[in-house]
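Chain B is fixed; fit chain U onto it per the hints.
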Amino acid sequence: MVKRISFLLLACFVFTLVATAQTVVHINAGSRANYGTYQNLLINLDGQCNYQLREVNGTTKDSSVFNISKSQLDSIFQRADKLGFFQLDHKYDGGLADGAGILIALNNSGKKKTVQLVNTDLPQVNELVAFINRILEPQKIRIYYGQSVPQK
Amino acid sequence: MNRSIFSVIIAAGYFLVQACVPQKHANTIVRDEENPCIIRIVVQLGIDGTDDDVAAVTTQMEDCFKKECFIPCETDKEKGCKVTMNAIVKKWSSLSGEEKETFHQINMVPNDGLPSNAHIGKANSGNSFGTWRRNEHPHAYCHETMHLLGLPDKYCSRLYNAVDGSAILEVSCDPPPDPNGNCCVPDAQNTRCGTPCGGHDHDLMATVAADLSCENIMDVLKLAGFDKCPDECCLSAQTFRSSLFGGPSYLHFGDQNTKFDGFGATLNYTYPLGKKVGLTIDGGYYMHIDKQGDFKESNNIFTLHGGISYNPKFFGSGSKLGLSTHALLGIANWKTKVEFPGGENKESETSFSANLGASLDYKLNSKFDLRLLQVDYIPTFFREDTQNNYRVSVGLEVKFGKGK
Chain B
1 MVKRISFLLL
11 ACFVFTLVAT
21 AQTVVHINAG
31 SRANYGTYQN
41 LLINLDGQCN
51 YQLREVNGTT
61 KDSSVFNISK
71 SQLDSIFQRA
81 DKLGFFQLDH
91 KYDGGLADGA
101 GILIALNNSG
111 KKKTVQLVNT
121 DLPQVNELVA
131 FINRILEPQK
141 IRIYYGQSVP
151 QK
Chain U
153 MNRSIFSVII
163 AAGYFLVQAC
173 VPQKHANTIV
183 RDEENPCIIR
193 IVVQLGIDGT
203 DDDVAAVTTQ
213 MEDCFKKECF
223 IPCETDKEKG
233 CKVTMNAIVK
243 KWSSLSGEEK
253 ETFHQINMVP
263 NDGLPSNAHI
273 GKANSGNSFG
283 TWRRNEHPHA
293 YCHETMHLLG
303 LPDKYCSRLY
313 NAVDGSAILE
323 VSCDPPPDPN
333 GNCCVPDAQN
343 TRCGTPCGGH
353 DHDLMATVAA
363 DLSCENIMDV
373 LKLAGFDKCP
383 DECCLSAQTF
393 RSSLFGGPSY
403 LHFGDQNTKF
413 DGFGATLNYT
423 YPLGKKVGLT
433 IDGGYYMHID
443 KQGDFKESNN
453 IFTLHGGISY
463 NPKFFGSGSK
473 LGLSTHALLG
483 IANWKTKVEF
493 PGGENKESET
503 SFSANLGASL
513 DYKLNSKFDL
523 RLLQVDYIPT
533 FFREDTQNNY
543 RVSVGLEVKF
553 GKGK
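Chains as they are written, first to last, in the numbering used here: chain B, 1 to 152; chain U, 153 to 556.
So that you can see chain B by itself, here it is in the shape it has in the complex (with noise of 0.2 Å):
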């Protein structure tokens, strides 16, 4: 008995674990090239953030570790539902040889979209991104996958 019920608690603990620490938020923006840098973004169902800007096959420049709020994540989701995010197609491709680009995963309980942007922008992704570099303005970070660039 006493080992069931440890068994079970220990089953919690794990289920607790995991669940917390699956990310529903994942945006890498940046480089498409073999040179360049790109950022990583990883946002858990806690709205601990995991941020790194890296060179490409290289080293770490910056890394930090920040929380948001709940309603901060839920906003996201909301507003990536508002903007259509969920019903986009899985990628854009502009078309050219390296430059830039940005893939935005996201779950919203059960509910998962992946979109990749490459050498484009799209108005859905860049007022989703605009929104989330709201949030992260207090913690000095801009996603940018060259959305400022104008297209031809």
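Think of the hints as simulated: they come from the structure by calculation, not from any bench.
Mixed in with the good hints, there may be bad ones.
Which stretches of chain B does chain U cover? Using the computed rule of at least three CB atoms under 8 Å from a CB of chain U, they are [what the hints assert, rightly or not]:
#: 1; segment: 29 to 39
#: 2; segment: 54 to 68
#: 3; segment: 108 to 121
Incomplete in silico selection of chain U near chain B, CB under 8 Å [claimed, not checked]:
#: 4; residue: His-289
#: 5; residue: Tyr-307
#: 6; residue: Ala-340
#: 7; residue: Cys-345
Computed from a predicted model, the values in this text were never measured in an experiment.
Where a beta carbon is used, it is the ideal one built from N, C-alpha and C, also for glycine.
Showing chain U alone in chain B's frame:
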């Protein structure tokens, strides 16, 4: 001496002018009009930025294109085609509307840490475009220019999706396979990774740390259909090929009793059996007419010989001069006709004959040689005597086939 220096200056000036004159296409890949053994690659970049941007791109492209490449001939690796590269860099705003169609448009932006990009272009067709960051890696503009010239990247890459724990295929090697079976393994820490495709570890199209190589240039030429050096650049006067010669000849015919000078034509065909030895068939017809009052004597000599020719490759491989010798056996036919008042007398005799000779040719181009001189000793044995005849010919030789 002065004439030589003047010629060199004129030639250098010509190539300089050719290199700087804007071309009809943003990517021009052509054989030089004057020398088909030179292939010129000219890329035209219209910089949509400042004067400093134009200067920076010019400097990097000069460094990039200083490479000299050579396409060796398949038959003779010492011979081949030279490749020259030139980038014409101009400020976009200085170009007319028509000129803009023949320049790649490069939008210069501040360096925000992201790589430059370029749309993959095509040889001898419309312009392309790209966005380049200022103060980029020293080889970045060179790498992007090679994209404008049509080259794809030579690396593969993968992205990690931390939400579902999967690796996303971003770029695959072409041709496959990706190295390590699946390119590289990204993870939650290193969410984007890339690896040079097999055999491209030191390729500019896989890493900007590498210099532009002649392999890159060859890839551009392959796309444009200029990766083979034409026969006319690979075959020297020494290359032994099938040939047909024709030309006017002088024949001195005679022995102790009879002598005359004939004029006619010679035709011969040579088929190479090896690099130096060939089969030759030689024929000719020569006439001599002597007229004194009512008396007219005509002598016509017809020769037909076959045998071996030998091409000793006496001159160097770069020389336009070629020497060949031959030893032939055959027949000679001698027809005489004497006309006098009230009658005529005709005779025809055929004799065994030989032909020992040599010829000196000057290569005009891949198809034609000028035979500067052919001298033959052609003994005949008419009327129980030996005629020590010799023949001198000049003319044109047509060459065909790949040669030995």
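So, going through the hints one by one against the coordinates:
As drawn, the segment 29 to 39 of chain B meets chain U at 9 residues by the rule of a beta-carbon pair under 8 Å; at three or more, the given contact holds. Against chain U, the segment 54 to 68 of chain B contributes 3 residues with a C-beta closer than 8 Å to a partner C-beta. That satisfies the three-residue criterion, and the hint holds. Taking a C-beta to C-beta cut-off of 8 Å, the segment 108 to 121 of chain B contributes 4 residues in contact with chain U, enough for the three needed, and the coverage statement holds. The beta carbon of His-289 (chain U) is positioned within 8 Å of a beta carbon in chain B (closest approach about 6 Å), and the interface hint is therefore held.
With a cut of 8 Å, the hint placing Tyr-307 (chain U) at the interface with chain B holds, because the nearest CB-to-CB distance is about 5 Å. For Ala-340 (chain U), the shortest C-beta to C-beta distance to chain B is roughly 7 Å, which falls under 8 Å, so the interface hint holds. For the restraint placing Cys-345 (chain U) at the interface with chain B, the shortest Cβ-Cβ distance is roughly 6 Å, inside the 8 Å limit, so the hint holds.
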